[in-house]
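Could you build all of it, start to finish, from the sequences and the hints given here?
Residue strings, one per chain:
There are 2 protein chains.
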Amino acid sequence: MRRLQDPAARRRSGNTLLEGPNLIDAALNAGVVLESICVAVGGEDGPALGSVPPERVVRVTPSVLRAVAATESPRGPVAVIEIPPSEALVASDTVVLWDVADPGNSGTLIRTAAAFGWNVAVSGGVDPWNPKVLRAGAGGHFVTRLSQLGEDPLTELRDAGLSPVALVASGGSPLDGTLSAPVADDRRPTPMALLVGNEAHGLPVGIAAACDAAWSLPMRTGVESLNASVAGGIAMWALRHRR
Amino acid sequence: MRRLQDPAARRRSGNTLLEGPNLIDAALNAGVVLESICVAVGGEDGPALGSVPPERVVRVTPSVLRAVAATESPRGPVAVIEIPPSEALVASDTVVLWDVADPGNSGTLIRTAAAFGWNVAVSGGVDPWNPKVLRAGAGGHFVTRLSQLGEDPLTELRDAGLSPVALVASGGSPLDGTLSAPVADDRRPTPMALLVGNEAHGLPVGIAAACDAAWSLPMRTGVESLNASVAGGIAMWALRHRR
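Residue numbers (our numbering), protein chains in the order written: chain A, 1 to 243; chain B, 1 to 243.
What the hints contain is simulated information worked out from the structure, not anything from laboratory work. No incorrect hints appear here.
If you want the ones that stay clear, here's a sample from chain A, every Cβ over 12 Å from chain B, calculated:
#, residue
1, Val60
2, Ala70
3, Val90
4, Asp127
Coverage of chain A stretches by chain B, computed from C-beta distances (three or more under 8 Å per stretch; other residues unrestricted):
#, stretch
5, 108-117
6, 132-141
7, 210-220
8, 224-231
Predicted, not measured: the structure shown is a model, and the values here were computed from it. Beta carbons are placed, not taken as given, at the ideal position from N, Cα and C, and that holds for glycine.
Right, here's the structure in full:
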């Protein structure tokens, strides 16, 4: 279980870790099957455990639980699940995590996408099945469609019927309450792929230029940028009325 | 300097730490005076250092810099600044961090407030001058007005002419593009104090009930809540047109 903190071990085994009772509950509610679950002897089981077959429950000392978990003071169980296969892209609004590196930001974007009904695609950056990303995702991984993109992400997105739009810190059209979005022949808006870039570097210039549009959130002078997960969250909220 | 990671030492000395070249640059651009700055011998000085009197620059080994900083692999300098006094509340839209506990969320809310022109007030939770909060704030601390509230925060807010509004995960009026805000006699909207609660527990029920209104962000069924800094960020964005 401890090895699953490591990306190579996750790829080899096809498994990852869920830490904490809330996240495990969210997974069970979404119908995820636990391979096994580690519970501290004498600790609270929480509501989650009731539905887990007893042969999958491993009782360990608190120090073993601490060794298994990535969080410094894990409260409650740690579970192993199989990583679901990457889902095919579909023609429905999708937020694209483009080289998003911070596990907190990646998980928060997935959580927000789930809340507002966006699909998620990932191109580079932190592994979305990293246990820290899962924690910040707060169950969003199990509610939204999650696709991992390959070598030529923009082509993949276009082939799925998505219009790529870049979210940039400055220089884009102001993203506003009255949004003009790309519109198809039948006057229904074309579903979009909203690209959110890396925390330090944003989107690569060439990628932003190859998108159908670039949008920015107008900010007060003297402020350079927003946190990536806040900017992406505001954009997903602001664009929710298109659908 | 290392002691300044500790809240009691910050209170005693009235100082705090800025870690990293970007944050130090943002502070210098906003006219903040550095008491001293610790730079790794042989490391890059960055643009910030040019404007600092040489007697305030301390050159140390990388291992000393690591000992001083809270971040595990500090890149670039660490500076000491005086903590500015708490500012008086004014009758202008203010986001209230109510028992927000996570340094990342607190800093991100301050960063977003600065970007959209909100003032910030803090009631309980993590110290806004904690070095980790400053890092996540990305300079927002030096661009926005920051007030620390006392024993009776709601009265303080009302006395300053602010209408307290609770942001709650569910059960509030839907916060929407077409917002009906409290309106004063002269038809200009009353400035509001937007209360954002603790990550795990939200706002205390009694506090939310004592506010003039409670608003929620409509979410898809099956999703319980948003990250506190994303929810607060969306609300600050959605409400920016009132002003």
